[in-house]
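Q: Work from the hints to combine the two standalone chains into their complex.
From first to last, the protein sequence lines stand for chains A and B. Under this note's numbering, think of the first position of the first sequence as 1, with each following residue one higher. Under this note's numbering, think of the first position of the second sequence as 1, with each following residue one higher.
Hint data in this document are derived by calculation from the structure and do not stem from the laboratory. Certain hints may be false.
Claimed, not checked - Residues on chain A that point at chain B, a partial pick, calculated with CB under 7 angstroms: (1) D130; (2) S194; (3) K196; (4) M198; (5) G338; (6) H339; (7) E359; (8) Q366.
The beta-carbon is built from N, C-alpha and C at its ideal position, and this holds for glycine as well.
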Amino acid sequence: MEFNFSNEEKLLQVAVNDFARKELANKEFDRLNHAPRDIIEKMGDLGFLCLKIPEKYGGDTGSWVEIGILAEEIAKQNISVAYLLMLSYEVCLLLATHGTEAAREEWLSGLCHGRKLGCIAVTEPHCGSDVAAINTKATRDGDAYIINGKKGPVSFGMEADMAVLFVKNESGIGGKGITSFLVPADLPGITKTSIKEMGLLPSAPASFVLKDVNVPVKYRIGEEGEGFHINRSLGFFSDFNQVISGLVSLGLAQTAMRLAISYAKQRTAFGRPIGQFEAISGKIAEDATLIEAGKWLCYRALWLKDQRLQNTKEAAMCGWWCPKLAFDVIANALLIHGHSGYSDDHPFQQMLRDVTGFEIIAGSEQILKLIIAERIIGKAAVPASLLEDIDY
Amino acid sequence: MVYFTEAQERFCRAVREFALEELAPGAMDRAKIESISPMVINKLAEKGFFKLAIPVKYGGEPKDSVSIGIVLEEISKVDTSPMILLVSEIAVPLLMEWAPEELKEEWLPALANGKVIPCFANTEPDCGSDAGAIRTSAVGDGNSYIINGEKTSVSVGMQADIIVLTAKTDPDAGARGVTLFFVPLDLPGVTRSHFSDMGVIPSGRASITLSEVRVPLKCRIGEEGDGFVKVMRGFDFTRVMAALGGIGMAEASLGEAIEYVKERKIFGNFMSKFEGISFKLAEIATLIEAAKLLCYETLRLKDEGLPHSKEAAMAKWFAPNCSVRAIHDILTIFGWRGYSETKPIEQRLRDAIGLQIGDGTAEIMKLIIAREMLGEKFGPTI
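The following block holds chain B by itself, in its conformation from the complex (with noise of 0.2 angstroms):
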């Protein structure tokens, strides 16, 4: 492929060959579960997996976005149960490079040997897309902050150890009242619910409920009041990995209908030879490889270091309708098989289906992109 390096392309195969060998047994049934297996967090950790986006001193192995791209779309291939995980064990040390030195020297290193478990959250119950109508609080308390508020929507929130959260700390301020804050979730005032979802069911999404509870002031990520900006700065990153999960998905789905077309005979002949079937599939690859490019260039702008916003709203809209379109196409191929649960394609589809809603509606991701091409007079007013 034109748009990896010759060092990417070594590091897709190794990647690939480790989800083969590692992940694939046992995928089907892990999807199902409520929670990450330890075995599967273990392997990606001595892989490596977590490292991605901590710095060297803290014990991490970092690499260009492009790579970390390649992670979420060769692992969802074979297993998409860690799919979340990964998202967020590259967004919340993201996140930390603000954080004071104390508090990176503390937790970094246990992130990136996957013996903690990151969790982000910004959506309340009654704003999700609307990330400056948050009502969590945060009030300064000598040499701490008291924090109140109720987290929802929060991926990995059952099972992880820590979270970097969004919290006001100017309630009139708007957005740029929003400050990030780090909190391991064993403090007292931490009460978790557990959501019963359509899909991506591993990643046991939670609400979290703060109440009265006091972290030190170390645990302040950033100023108080510049939460907003870092936060859609991460948003630009892990909307590509979410998009290139969903197209991992996609891929491993269209193979394996490949492979059925060409076995199955209908009237005589093999299913492969009705246009209605090898033209669906002409059209699926299509969107995929289009999808997909989209993610890579997004993440190829930003490995260079220029804007890629407009890209990354672009990619994070698209790249879900085309999976869940795919794999929607696809169990009606399969018929009777992709609807029961002994193939992956109908949990592949509920799972799609998740990664449309997370990190921003594709009706966010569109206004992102019309503000940017019409710019502010002419575009959307919200």
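Isolated chain A, as found in the complex (with noise of 0.2 angstroms):
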């Protein structure tokens, strides 16, 4: 049993991690309500977009722990920039996959390069996490297909080039009745609509109508009926997204922490440092143990899959536990601070209403938690009916 990172991925730790702090700390990204595109550029120009992707598109080798730890690296100056990084990757490697050679040719390098903006739009009005309960629906027109139907929010919706779109085929029934495509987000007969939401600001949210949108069938994604397999498999219900929300969560709150740590060592009250009070340090003892574990199952579940081994349990863990213990640990922090840690002046109350949106992204936990009832208990824990939706 070894924990640790290779050689390889301390320097990269470094690396991005110097990157960081000169590029994305310390500024107003987080009030942004948009990307910040040149930020994205200059990572797409360190290679930090295109790990796992394949040569010939622009891509680099790499692993799914450097991918975990380039997430949790970039969270800790800039959650907003860690979520698109995160997006990023589903969608270059969704393409990659699963795209046809057409599509590789036409996005795959700007993507990986920074200089396109993807987007993933599975959520409707009425349903999230039951991804088969969509309605959004796709007619085989000849070369093309004929979409009609609402999606939101969608993340950097307002601002993407292109969009991931799960949708119902015609035969469509439950699961095995989704597609996915992938389309230029300027396409006739999509309407954009801003949403405001708490947090993640620069994730310019939108929600899609699409009217009479006509797709040609190049822009399919895997085959007609793979749909939910895909989001399953690298899309917003994937390990990959449990484990990198957690990675994410984890990286702001340690900023969270370090902050608390010295706002602890100056600030005294009753002529000693608040820190020399066992409230204090006793609570920030806590968050740092729990920061600990959940770092610590983030790398093995993305380690596993390096393996090539099952993580399903491993990351659907991550994903229900780790942003709601960064949510803890960043509202000690925010406490710590008393009342100056309420406003504007420090960062915490920014970072508590981002971090919320990772509680979300991350999959609801009543479902995260029945994946892991299912590969624990066994399939006698779940429902018949859900079998379907959350096994694979």
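A: Given below as structure tokens:
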């Protein structure tokens, strides 16, 4: 058993950490209501967006653990940029694994160099976690599909150059009737409306109305009916999404804790630094324990993926637990700062708004727990009607 | 509910009706504006909610503490914007009990009818919980005092017309050097600046700087050096009120969640049918009930003239914690909808966190409880 990063991984960690400190720290990014495109381009130039993408499209080798390191280190300085990195990988990997040659040629290089921005449209007004219940429909019409329906909220939807769409195909029943497409976001018939949310403002979420959108067959990802499986393997319902959401949340939580530690050493009450009160030091000790446990839970899930071993259970554990514990750690850091922590003078209130988003992005706690239950108790622990939806 | 008398029950129903009819429209928008709407202030004044802690002879209509708690809980269920104003409208008249007759006659009637907005300040940039360490000074000068210093984190501070604040009349005497003063905020030497906060936004939290502010002798409340004890006594009440404000928000969120999980279907079944959802709501309901009972029990003790500092401290750390946890869980049950600004949940979460901080942190509350429980010899030393 070896709990450590390899030398290469450590070098990457240092490089990303440097980049993030230099380019992302102390900037007003968090309040931007659009993605910082210049930063994305820089990340593209540094090769941060192209790990595990085939070389012929400008990609690089690399491991899942390395993508985890990227996400965690970026999130320490800016969680919205880390969110963007996570989504960028999901779109790239979907395309690289299941896209047509024509679509890969068209998009992949731009995506993994940070010149193009993607988004994933799964959620609909009436359903999120229950992907099989979506209503948006695709009807085949010769060499194209005609798509109609509503999607949203879609993170980065206002700005993305392309969108991965999950829709019902004609014969579509349940999870087996879903097909995915990667479409240019400016196709005629797509109307976007901005949505205001509590945090993650740079992700500029949108709702899409799709009215008779004509999508050529080359933009289909995978075969008809494979959409559910694709979303489960690389999209919003994937082990990757769950683990990276966990690491992103923990990255931010570590920054909050670091700030709380230095504050506890400076601020005095009743004549001594507040860090000398057990009520404060004990809380920080607890938070450090949770972060440490959460981090290794995430990296082990990625390591399993690198070894091509099953990580369904471990990933689901990361997904429900890490964003939640990150919320608690950040809330503690805010409260340790007292009334000043509550104001805009400190970053905690924004951190708390942002990390709450990841409790939702990672997948609902209830479903992630059902996945774990199915793995550790057995199929008997899950109602038969749900098995198809959570198992793969 | 067993803990309300019939009269309190009737009052509760009346407040609830008023809130739903008069305050529900536009409440979500008002929660995001950096001042309390004059329309809301007028309505609350008309209803007599600023008279609850003012004696009849000054135009008040005093009520028991439990009833005042009811006002906080019921109004916060519907509209969080006047929550802290209501606390201030109770705290300031209570502190003025010890003010000279002249001052009371001059100001209390205007407070009672909502023409004058009050605020209270103790916290300073370098100290909050440690109230004996304040640095604002008040120096006697003939028939007046000259006040210098900076008060911060003053709720309703931007909108208020008058302030009751703590200042040191004896800088070397620690907590025993603290005295209460009444200061009209339009006096020369008063400047204010505004905090941009995560929540409780309409309270317009302010920093108030006093530079050579001269107030007449009659503006001193009580005797020199007895301010600390008076403030602590006041806290025993306001802490419970803030706690009940949080409970109101959590109850409203729970009600909305119950409706939502009965309407929304997932995997072909109502969300409410999943134990992951229904048991979470069951837990939330338990926490709310326990916290609420703790709050009203504290107010009952107060109404009966019994000691209740420990209970007030328990209510102050426990109830806002329960509220934050309840609203946070409910936000995730609502998923993306809870995260968006189209529902009031995200705003309530941000507001409830403010209640964890205002009027004393959880650590200070536990200190009070532990000291009372363990005594001076075995309790925590500060």
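Q: Which earlier hints can't be squared with this structure?
A: 2
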